[in-house]
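Enquirer: Order-wise, the sequence lines are chains Y and G. For what it's worth, my numbering labels the leading residue of the first sequence as 1, then goes sequentially. For what it's worth, my numbering labels the leading residue of the second sequence as 1001, then goes sequentially.
Don't read these hints as lab results, they were simulated from the structure. One or more of the hints may lead you astray.
Said to hold, decoys possible - If you only want the chain G side, here are some residues facing chain Y, beta carbon under 8 Å, derived:
#1 Phe1192
#2 Arg1215
#3 Val1217
The beta-carbon is built from N, C-alpha and C at its ideal position, and this holds for glycine as well.
Below are the chains, spelled out letter by letter.
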Amino acid sequence: MSMNTEAFAQFREGVNQLPEMAPPPAQMTDQQRVQAFKKTIVESIKAHQAVGLETCVHCGMCAQACHYFVATGNAKYTPIRKLAPLRRVYRRELSPMRWLVRLVTRDITAKQLEDWQELIYDSCTECGRCSLVCPTGVHIQDMIVMSREALANAGLAAAELRMMSTEQGEKGTMFGMGKDTLVQTIEQFRQKGLEIPVDQKGSEVLVVSSVIDMFLFQDTLEGTIRIMDAIGRPWTYSTCGYEGANFGYMAGFQEYRKAASMRVIDAAIDLGVKTVIVPECGHAYPALRWDGAAVYGKPLPFEVLAISEFIAREIKAGNLRVKPLAEGKTVTFHDPCKLGRMGGVFEEPREALDALGVKISEPDVNREQSYCCGGGAGNFLIKRAAPLRAQVWDKKRQQFDRTGAEAVVTSCDSCRINFSVGAQDTRWDKPIESLAAMVGANLAE
Amino acid sequence: MTLLDFARGPALQAALMIFALGVVWRAVGAVLIQRTTDFSQPRRGTAERVAGGLRTTWSRFFVSEALEKRIHFQHIAGALWHLGFFIVLLLFVPHILFFESLLGFGWPGLPNPVILVVAAITLATLLAVLIRRMTNPVSRIISTTDDYISWIVTALPLVTGIMAGAHLGLRYETMLALHLLSVALLLVWFPFGKLMHLFLIWPARYNVGALFARRGVRI
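For reference, chain Y alone in the conformation it holds in the complex (with noise of 0.2 Å):
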């Protein structure tokens, strides 16, 4: 089991070809620009990131955890120095301070807006290391995902988002790619024999796909249709609710991120179903599981569990049973940020993998401290950027040769697109696998 080769081909030239598809960006003056910027950090700050700007004492210490410094050495890239203008607007117009600072500090201007679109979307992938080590307790993280926020109201998203979030928001559809496609993609797996229930009213489960596991990983898709099915309790997808991509919430449009994520909202309620299973895309995890109920404005009536957590606790619970692979096998485990680290799935898919017999060889660093693919949050998007995933996936690539793994297992899409573009660009042979298609090619008769 692994991707189509030529769909992959296909998708890594229609991705160079994303900046130029783009449509332009929102006509505004320098001033209006900043205007918008720090309209949105001023009604968007928190107590306990106002605390945290408050508390920095610039030691530096986060350009050690963040993969875009270690990988290249460039001090530019030191996350906190990625806050500058939020921070700026924050004690210019927030700080208790604010009347001192004002009297000592310049506004922000366009210019620096413009110079940071670079660092707030081409090297920052939104993966939490950064918060994770600051010795004063700043949730960088948290931040930059307010500054993406702020400059796509000023007009300053990342073009290839700027291109996604808006097909995806006006048009529903990604890459042209939408109901009908999988309307398509669940008739050839129909006949192949495949029992796929859809908009089934009544069904307990509600199976959220991606276009991306449409077009170039239907392994995944197949193994969890096989997982689905293996259960067997009522499950459905839904042709209004099937997208669990959500640009918008990437990018920082607000709008977008809130359609996404209420199509799914709607449809899970429309079926009555008590559990949505998010599938192996990184962000559509706290897209839904952790922002939903924002976008939703109250607690939402299902449980969200990421692929990974359902087939853990379905093989606990006795309701799926799978198969050792061929004796010896070896893979390693890499930890996708947004489930991980910025999720706590940590464990769940450790214990499929063991489920399965295989012997796991855990990267040096792991779990809550695992390196980032170098793609996520959108930046396996963002053409220009490419050189700098290259230099993070060397970094990676060290790291699962010291595993002495056969293969390298996640539970992410964007991971596994990342390193199978680091892997052919530089000829690295081991298979990058799905842990929901590994399971699903492997369940016991």
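Once you have looked at the hints, place chain G on chain Y.
Expert: Positioned in the frame of chain Y, the structure of chain G alone reads:
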């Protein structure tokens, strides 16, 4: 009124007033900024979130093993100068007598020669930290005027204290007055610059620990 009378009288009193009001103003002002309710289903209960916050408040004194080899200097130098500063501040007998006059009780101190050596080591560490800030590319790119002012106002009481204690430079009474004035300067600057982390570091660490614990992440 002599310089010493001015330093230990009105100067110190005014500085203490600015310090107290400034600290309260800044801390309360930051804490009172808007809060929102997180409606997402937490992975951990309240007790575990509180435990997570408290654990992070403590664990951030140490650096995680995976990163230790890369940040030896900041970690050791940071710990050393903070420790030295508080030993000198709290265990030098004349300082204890000063606190006793304010609080009504005292505590045992360290012999003066020991304090002098600790103060010298602390000052040397501060110098090393300053050199690093000015030469290390990461430190340099993120440094602000606040970093240098805070360094100066922190180093001055050590310099003047060592000189007064070792009877160096000007006559003792003048050095003592300069020492007290440098302390007043430190107190005045405290609420305006990064020295405020002495108070805000605790809620900041707690918040980040509790937020991660809510998601089931132990940091």
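Enquirer: Work down the list of hints and note, for each, if the structure agrees.
Expert: Evaluated hints:
{"no.": "1", "hint": "Phe1192", "result": "6 Å, holds"}
{"no.": "2", "hint": "Arg1215", "result": "4 Å, holds"}
{"no.": "3", "hint": "Val1217", "result": "5 Å, holds"}
Of the numbered hints listed earlier, not one is contradicted by the structure.
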